[in-house]
Amino acid sequence: MLEIQDLSAWYGRAQILNGVSMRVGQNEVVALMGRNGAGKSTTMKSVMGLLRQTGGAVRYDGRDILGRASHAICRQGLGYVPEDRRIFGELTVEENLEVGRRPPRPDAPEWGLDHLYALFPNLRERRRNLGKQLSGGEQQMLTIARTLMGNPRLILLDEPSEGIAPVIVEQMARVIAELKREGLSVLISEQNLHFARLVSDRTYIIEKGQIRFEGRFDDLDANPDISRTYLAV
Amino acid sequence: MGFYFAQLLTGLANASSLFLIASGLSIIFGVTRIVNFAHGSFYMLGAYLAYTLVTLWSGSVLGFWGGVVLAALVVGLIGLVVELTILRRIYHAPELFQLVATFGVVLIVQDAALAIWGAEDLLGPRAPGLDRAVRILGEPIPEYDLALIAIGPAVLAGIWLLFHKTRWGVLVRAATQDREMVGALGINQAWLFSAAFVLGSALAGLGGALQIPREAVSLQMDLSIIGEAFVVVVIGGMGSVSGAFVAAVLISVLNSFAILIFPQISIVLPFIVMAIVLIFRPYGILGKPGSEAGAPEAPEAPLTLMSPKAMMVMCAGLMALALSPLFTAEFTSVLLVDVMVATLFAVSLHFMMGIGGMVSFGHAAYFGVGAYAAALAVKFLGFGMLPAMAFGPLCAALAALFFGWFSVRLSGVYLAMLTLAAAQILWGVTFQWQDFTGGDDGILGVWPPGWASSDRVYFYIAFVLCVGGIWVMRRIAYSPFGYVLRGVRDSQTRAEAIGVDTRFHQWMGFVIAGAFAGLAGVVFAFSKGSVFPDSLGIALSIDGLIMVLLGGIHALAGPILGASAFVLIEDWVTRLDYWRFIFGTIILVVVLVAPDGIAGGIQRLWRIIKRGAA
Amino acid sequence: MSTVLQVRGLSKSFGGIRAVRDVNFDLAEGEFLALIGPNGAGKTTCFNMLNGYLPPDEGTVSLGGQSLIGKPPRDIWRMGVGRTFQITSTFMSMTVVENVQMALISHHRRVFDLFSRATRLYVDEAMALLDLVSMRDQAGRACSELAYGDLKRLELAIALAHEPALLLMDEPTAGMAPSERVALMALTAEIVARGGVSVVFTEHDMDVVFAHAHRILVLNRGEIIAEGSGSDIRANPLVQEVYLGGGAVFETEASDA
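Chains as they are written, first to last, in our numbering: chain A, 48 to 280; chain B, 7 to 620; chain C, 5 to 261.
Bear in mind the hints are in silico, worked out from the structure with no lab data behind them. Just so it is clear, CB atoms sit at the ideal spot from N, CA and C, and this is done for glycine as well. Do not rely on the hints blindly, as some may be mistaken.
Restricting the straight-line Cα-Cα distance to at most 35 Å, the calculated cross-link-like pairs of lysine-lysine (DSBU-like) are [what the hints assert, rightly or not]:
1) A/Lys179 - B/Lys171
2) A/Lys227 - A/Lys179
3) C/Lys75 - B/Lys294
Computed spacing ranges between beta-carbons, pair by pair [what the hints assert, rightly or not]:
4) A/Pro168 - C/Gly250: 17 to 23 Å
5) C/Val127 - A/Ile273: 55 to 61 Å
6) B/Pro159 - C/Gly250: 33 to 39 Å
7) B/Gly175 - A/Arg221: 20 to 26 Å
8) B/Gly175 - C/Ala239: 49 to 55 Å
9) A/Arg106 - B/Gln226: 55 to 61 Å
10) B/Glu186 - A/Gln52: 47 to 53 Å
Under 8 Å between C-beta atoms, here's a sample of chain A residues computed to sit facing chain B [what the hints assert, rightly or not]:
11) Trp57
12) Ala61
13) Ile112
14) Leu113
15) Arg115
16) Arg122
17) Pro151
18) Glu172
19) Arg173
20) Asn176
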């Protein structure tokens with residue numbers, strides 16, 4: 048469904064990605080793991096068209112999307128949840144969701160407000176509150192709900208467990224399971240091995256802008272050296 | 007009683023037109039983060055177009071209002087063209103480049119209007135059906151004023167509904183907070199920006215069009231309104247339309263009463279109000295923290311010492327400059343003094359902006375204070391040239407000490423606006439205090455004494471002072487003080503966390519920059535033999551910005567290249583007809599072709615050549 | 005062991021909401037204390053009152069017997085409190101070593117020196133501090149090019165430049181990979197073990213907390229709801245309910261994956 052081939056990316060003169068290749072299949076949850084600065088977020092931003100200096104190829108449903116504007120990529124059915132949440136603090140919860148709303152797509156599950164409020168009950172209670180009044184965990188929920196309003200087929204979740212309490216992380220794991228049940232494909236970037244193992248089918252490990260491992264968690268367990276080198280658990 | 011009520015109504019009518027232009031400016035800033043200097047030009051175009059249309063369809067009520075609305079729409083279209091051809095290409099450029107680009111538009115529009123409508127002031131027709139006065143509490147109130155009083159709140163309500171009750175409005179408000187995220191959610195920001203720009207421009211056009219029954223249409227409308235519109239936006243809070251309304255009412259009503267007591271105050275009153283408001287509410291009445299920030303910028307590279315090769319080039323250049331009077335004509339020496347003065351001025355502005363991170367829209371204030379202080383010392387205190395040359399920078403430093411104290415309490419665009427306010431206050435005082443400063447006539451007869459009166463001797467005096475001043479500023483840039491100043495710019499939090507009194511440090515940086523601008527001012531005053539209020543004006547402040555940006559803000563050599571280029575181009579261009587048009591075009595070309603300035607452009611060109619050779 | 009920091013009755017409200025109420029604790033010399041709790045529990049507010057960014061409504065904070073209340077952050081720094089930030093905060097337009105030199109220049113009160121060359125001052129001391137965090141080999145690199153983990157280490161070197169008695173670290177390992185988290189906190193623990201400095205840190209990574217903290221305070225809704233060693237906290241049912249959850253997402257025996 049999503050195929051990344053030999054992706055390179057630069058920030059100014061610093062090359063961050065150096066030939067990343069990976070793919071995400073239909074209704075699959077894939078974890079992209081690696082330490083900070085390894086290139087996880089950069090990979091996601093490149094796919095989403097948020098970086099200007101990129102090279103290689105990104106295909107989504109067979110169509111080339113690298114180099115296209117991010118709004119055009121989103122309209123193809125890719126949803127992006129950034130690591131720092133980036134909710135609109137001066138807009139209400141409901142207005143935040145409105146910004147994300149896009150027409151339904153024939154090939155993707157449709158998420159209305161009611162469906163989302165069922166998935167994130169807190170948001171319903173706080174729908175008239177401003178985004179900035181929410182707690183960190185609620186903001187994390189809102190940013191996912193906002194992306195789902197675009198009825199994506201594939202969703203990119205950048206570090207969903209970062210900086211939030213373990214109880215909320217557990218809730219996040221349940222949400223990701225629900226997304227998979229609904230038929231979505233998910234690419235998450237993660238540093239927390241426990242969490243990644245809990246929610247995803249397969250994993251890639253990235254280090255210095257290159258993929259160093261690809262496989263199931265069983266394979267990872269069979270190669271303790273790899274997790275020790277790149278993740279050090 | 008009736009008289010005061012009438013004053014109040016006049017104030018409210020003024021508030022409406024001020025609000026229209028300020029709301030547009032605020033919307034444009036909120037969405038695109040561009041400080042749009044050309045907004046005053048849109049206002050002026052609105053007035054001119056309405057004049058033409060309303061005169062054409064004269065007499066009928068429909069003709070008047072139709073002409074006004076059509077003028078606003080045409081201005082909106084012009085805004086669209088400006089956005090598509092210029093601004094869209096530079097949204098990622100440093101914010102000051104955007105400011106300078108819009109100033110280029112100001113110059114072009116000025117000459118275009120001159121070519122189309124001529125230099126004469128035009129008196130527009132009155133609004134049919136609203137051309138009489140009604141008596142309220144015994145005082146005659148123009149009906150048209152009452153209509154304006156109604157139009158302001160009606161437009162405010164319309165904008166509020168648009169922003170809060172339509173999807174488009176929600177998207178615009180989201181984009182003011184995080185443009186990139188809005189794009190990632192599937193919204194084509196480019197069109198959102200264009201639409202916001204069109205709306206803002208049309209509002210400015212409407213503001214101008216509605217003015218034609220009240221004031222003559224003239225070529226001065228653009229810059230005379232833009233200062234006040236900035237002030238209103240800042241007082242209200244950047245990006246806040248309701249804030250702009252409150253601020254417009256506050257200023258206009260205060261003004262309509264203040265002129266009863268002190269008629270000269272109207273030039274400086276808005277700026278005084280702004281200074282007071284910002285001290286108590288640093289983000290304006292309804293502004294939010296963070297609303298002052300412009301487009302984010304990439305961090306600059308660490309400073310390095312000059313390479314031996316560069317050092318040699320520089321020494322050779324200085325030698326050539328020092329020897330130039332021996333083998334060039336006298337007028338070249340005079341021109342080179344202008345270049346050196348401009349360079350020192352630009353370096354001092356760069357010290358404040360590039361190193362200190364404090365953007366100043368009013369740096370000319372300290373240049374002018376230096377020049378005036380020296381001239382007044384000569385005129386009233388009988389100072390000789392050299393003591394006056396010491397006295398000028400001292401006074402400039404004192405002025406910077408005073409205004410800097412207020413300015414460093416703010417940051418970003420708000421700080422820039424407060425510096426503009428300071429400069430406008432000083433300009434207003436100088437302009438109106440005839441007995442002391444000579445007002446518009448300036449101060450004449452500020453010549454060097456006999457021994458220094460030849461152009462060559464004066465060249466060397468200027469050489470020593472300007473090159474020496476630039477050397478000292480560079481030295482400070484590399485000193486602990488300069489490094490810490492850059493540190494405060496990079497991260498105020500971190501600087502505070504290593505024990506730096508960041509505000510005090512910035513304040514001192516402000517004072518140093520002011521003192522050296524003052525030095526440039528005194529050299530200027532004695533080279534021209536006179537000073538005029540221009541030397542404190544907005545135009546000179548913007549010239550300084552253009553010089554710094556032409557050169558490139560992230561290079562210490564930038565202001566030197568920029569100032570030289572600026573003076574030489576200006577010297578050539580101002581001899582031509584429609585020089586503003588040409589100059590504006592040059593500015594736009596530079597901004598679009600080399601958004602990193604001359605220094606950056608040369609570096610890029612150099613890399614391309616090297617790559618080609620390799 | 006003597007008490008370095010004493011906090012008594014610390015409270016703060018924002019618009020009627022009590023963000024922190026009646027927080028009391030002592031910090032002994034050489035102690036490594038963790039402050040944990042859900043988002044919005046008041047950790048950052050607490051922190052900001054310790055380092056002078058927020059004035060408390062009530063309560064006292066004293067460092068070695070001197071009150072910190074009402075002092076601006078820079079004075080608190082001069083009294084011997086170093087800090088690192090949740091979002092790293094360094095001078096991006098300078099090199100690594102220049103960043104440390106800035107802290108030393110300020111420590112030696114030379115920020116108003118107008119004529120020395122800043123880059124020639126305190127080079128050896130700065131290098132020694134970089135050695136401490138194993139960053140010497142990157143001394144000449146631009147700070148803006150550093151990897152995130154290295155920025156964190158640089159911040160630590162900056163925070164140690166004036167030999168502080170107390171180090172405040174706000175989510176020091178946020179955004180780091182597990183390996184880097186362990187390395188950074190092991191480094192910090194080593195520095196603490198050498199003596200002379202005590203540490204208070206907030207953290208969401210329970211692996212880091214349980215591995216290094218000598219003592220843990222748990223905040224919820226602005227109040228301390230538990231205090232003790234790692235095993236005490238892990239076994240505390242209230243803490244499990246409001247914060248730790250089932251433990252599936254950090255290193256425990258209870259992982260159900």
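Hints, one by one, checked against the model:
1. A/Lys179 - B/Lys171: Within the cut-off at roughly 20 Å; holds.
2. A/Lys227 - A/Lys179: holds, 29 Å
3. C/Lys75 - B/Lys294: It holds: about 26 Å lies between the C-alpha atoms, which stays within 35 Å.
4. A/Pro168 - C/Gly250: 17 to 23 Å: Holds - the Cβ-Cβ distance for A/Pro168 and C/Gly250, about 19 Å, lies within 17 to 23 Å.
5. C/Val127 - A/Ile273: 55 to 61 Å: violated, 41 Å
6. B/Pro159 - C/Gly250: 33 to 39 Å: violated, 57 Å
7. B/Gly175 - A/Arg221: 20 to 26 Å: violated, 35 Å
8. B/Gly175 - C/Ala239: 49 to 55 Å: About 53 Å separates the Cβ atoms of B/Gly175 and C/Ala239, which means 49 to 55 Å holds.
9. A/Arg106 - B/Gln226: 55 to 61 Å: Check passed, 59 Å falls within 55 to 61 Å.
10. B/Glu186 - A/Gln52: 47 to 53 Å: violated, 25 Å
11. Trp57: With a minimum Cβ separation of about 12 Å from chain B (threshold 8 Å), the hint on A/Trp57 is violated.
12. Ala61: violated, 11 Å
13. Ile112: With a minimum Cβ separation of about 13 Å from chain B (threshold 8 Å), the hint on A/Ile112 is violated.
14. Leu113: Violated, because the Cβ-Cβ distance from A/Leu113 to chain B comes to roughly 15 Å (cut-off 8 Å).
15. Arg115: Since chain B brings no Cβ nearer than about 11 Å to A/Arg115, farther than 8 Å, the hint is violated.
16. Arg122: OK, holds: A/Arg122 within 8 Å of chain B, min 5 Å.
17. Pro151: Violated, about 13 Å.
18. Glu172: violated, 21 Å
19. Arg173: Given a least distance of 17 Å, the restraint on A/Arg173 is violated.
20. Asn176: violated, 16 Å
Checked against the numbered hints above, the structure violates hints 5, 6, 7, 10, 11, 12, 13, 14, 15, 17, 18, 19, 20; every other hint is satisfied.
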